[in-house]
Amino acid sequence: MLDFIQWLQNPGLGHFLLISAVLFSFGIFAIVTRRNAIMVLMGVELILNAANINFIAFSRYSSGSFDGQVIAIFVIILAAAEAAIALAIVLNIYQNFNTVNVDEFNQLRD
Amino acid sequence: MDFTTIVFYLFAAITLGSGAVVVFSRNIVHSAFSLLFAFFGVAGLYVLLLADFLAVTQLLIYVGGILVLLIFGVMLTSSVIDVQIKTGTVQVLPALFIVGALAAALLTVFWSTEWKVLPDPPAVDTTAPQIGELLLTTYLLPFEIASVILLVALVGAAMIARREKQA
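For the record, the sequence lines run as chains A and B. Note that this note's numbering has the first sequence beginning at 2, numbered continuously upward. Note that this note's numbering has the second sequence beginning at 416, numbered continuously upward.
Only chain A is shown next, with the shape it has when bound in the complex (with noise of 0.2 Å):
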């Protein structure tokens, strides 16, 4: 008991370990149950943040070089490309289909 009040009381890799997972399920929980797709694009956003924390948190613990933080780089330029194209890609849904519910839709064209 002793042991873990001390360990809560310096932040270190297993802390920020820790956020990461549980925001990773955070948003594997918005991608598996919410119906609206830009809900499960928020989830998706969510994830990659986690995996971000976790290169950065490695890389400055572990590694001691900046590597991570440059591939954080590369995801962050990543979710913006992914974020530009699913944006288009439901509004184009929206407007053939009228919905922006996962499950009502099972084709691209109208």
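Derived from the structure by calculation, the hints contain no laboratory data. If you're wondering where the values come from, they're calculated on a predicted model, not measured in any experiment. The beta-carbon is built from N, C-alpha and C at its ideal position, and this holds for glycine as well. Hints may be right or wrong, so weigh each one.
As the list claims (entries may be wrong) - Where chain B lies over chain A, by a calculated footprint (3+ residues, C-beta under 8 Å):
1) 2-8
2) 11-23
3) 45-51
4) 69-76
5) 93-107
Stated by the list, open to error - Capping the alpha-carbon separation at 25 Å, the derived lysine to aspartate or glutamate pairs in DMTMM-like fashion look like this:
6) B:Lys531 - B:Asp467
7) B:Lys531 - A:Asp68
8) B:Lys531 - A:Asp4
Stated by the list, open to error - Across the chosen pairs, the derived CB separations fall in these ranges:
9) A:Ser64 - B:Leu522: 20 to 28 Å
10) A:Leu109 - B:Asp535: 51 to 59 Å
11) B:Val462 - A:Asn99: 41 to 49 Å
12) A:Phe106 - B:Leu425: 41 to 49 Å
13) B:Asp535 - A:Trp8: 13 to 21 Å
14) B:Pro537 - A:Phe5: 22 to 30 Å
15) B:Leu569 - A:Phe5: 48 to 56 Å
16) A:Ile90 - B:Gly503: 16 to 24 Å
17) A:Val76 - B:Glu529: 23 to 31 Å
18) A:Val76 - B:Leu511: 23 to 31 Å
Mind docking chain B on chain A? Use the hints.
Showing chain B alone in chain A's frame:
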């Protein structure tokens, strides 16, 4: 407890609390705005990890770009006064079970593994020069590919979104 610890728990609480609101809120507008605070909390965690450049990038691109895009998506695909904006959920119980198992597995792995931890993590003043040097030496090819991907995504998104309907 020193100041860094308190700030860490503050940002951790902001991140996880807003993340929970994003996932469990019934109202998609509430979810979108909670996502703002979740991204902000993650940026704070980056600062605590001494990644100042990443923290600013996170604020500029996620909060300033991706989140605005998502809110545009919310506003354009649902009318605010409509009840439809309350988004449905499906299969909550099986999902809770599976996600709980997944989280337990992840936490067990993170907890039980003996991670290599530097005895004295190097203190850095600033990260931008080192990141810039890596981007132009070791990671030059991925850097160029990323720029092409951004161009393709830009053109592709514009083309998909503006496609004329064949009347």
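Structure-based check of all given hints:
1. Coverage of a stretch by a chain is defined here by at least three residues with a beta carbon nearer than 8 Å to that chain's beta carbons; for the region 2-8 of chain A and chain B the count is 0, and the condition is violated.
2. Closer than 8 Å: that is the beta-carbon criterion, and the region 11-23 of chain A has 12 residues meeting it against chain B, so the requirement of 3 holds.
3. Residues of the region 45-51 of chain A lying with their CB closer than 8 Å to a CB of chain B number 3, which satisfies the three-residue condition for coverage.
4. Restraint check on the region 69-76 of chain A versus chain B: 5 residues with Cβ-Cβ distances below 8 Å, three needed, restraint holds.
5. With 6 residues carrying a beta carbon less than 8 Å from a beta carbon of chain B, the region 93-107 of chain A meets the three-residue requirement, and the given coverage holds.
6. Among the hinted pairs, lysine 531 of chain B with aspartate 467 of chain B is consistent with the structure: their alpha-carbon atoms are about 23 Å apart, no more than 25 Å.
7. Restraint check for lysine 531 of chain B and aspartate 68 of chain A: the C-alpha separation of about 16 Å stays at or below 25 Å, so the hint holds.
8. Only pairs whose Cα atoms come within 25 Å are accepted, and lysine 531 of chain B paired with aspartate 4 of chain A is accepted, the gap being roughly 20 Å.
9. The hinted range of 20 to 28 Å is satisfied by serine 64 of chain A and leucine 522 of chain B, whose Cβ atoms lie roughly 23 Å apart.
10. Range check, leucine 109 of chain A to aspartate 535 of chain B: Cβ separation about 54 Å, and the 51 to 59 Å hint holds.
11. Between valine 462 of chain B and asparagine 99 of chain A the C-beta distance comes to about 44 Å, which sits within the given range of 41 to 49 Å.
12. At about 42 Å, the CB distance of phenylalanine 106 of chain A to leucine 425 of chain B agrees with the hint of 41 to 49 Å.
13. Checked against the hint of 13 to 21 Å, the pair aspartate 535 of chain B and tryptophan 8 of chain A passes, with Cβ atoms roughly 19 Å apart.
14. For the pair proline 537 of chain B and phenylalanine 5 of chain A, the beta carbons lie near 28 Å from each other, so the given range of 22 to 30 Å is met.
15. Separation of leucine 569 of chain B from phenylalanine 5 of chain A is about 50 Å and conforms to the stated range, judged on CB atoms against 48 to 56 Å.
16. Distance hint for isoleucine 90 of chain A and glycine 503 of chain B: a CB-CB separation of about 21 Å, consistent with the stated range 16 to 24 Å.
17. The beta-carbon spacing between valine 76 of chain A and glutamate 529 of chain B, approximately 26 Å, falls within the hinted interval of 23 to 31 Å.
18. Against the hinted window of 23 to 31 Å, the Cβ-Cβ separation of valine 76 of chain A and leucine 511 of chain B comes to about 28 Å, which satisfies the hint.
Comparing the model with each numbered hint stated earlier shows that hint 1 is the single one that does not hold.
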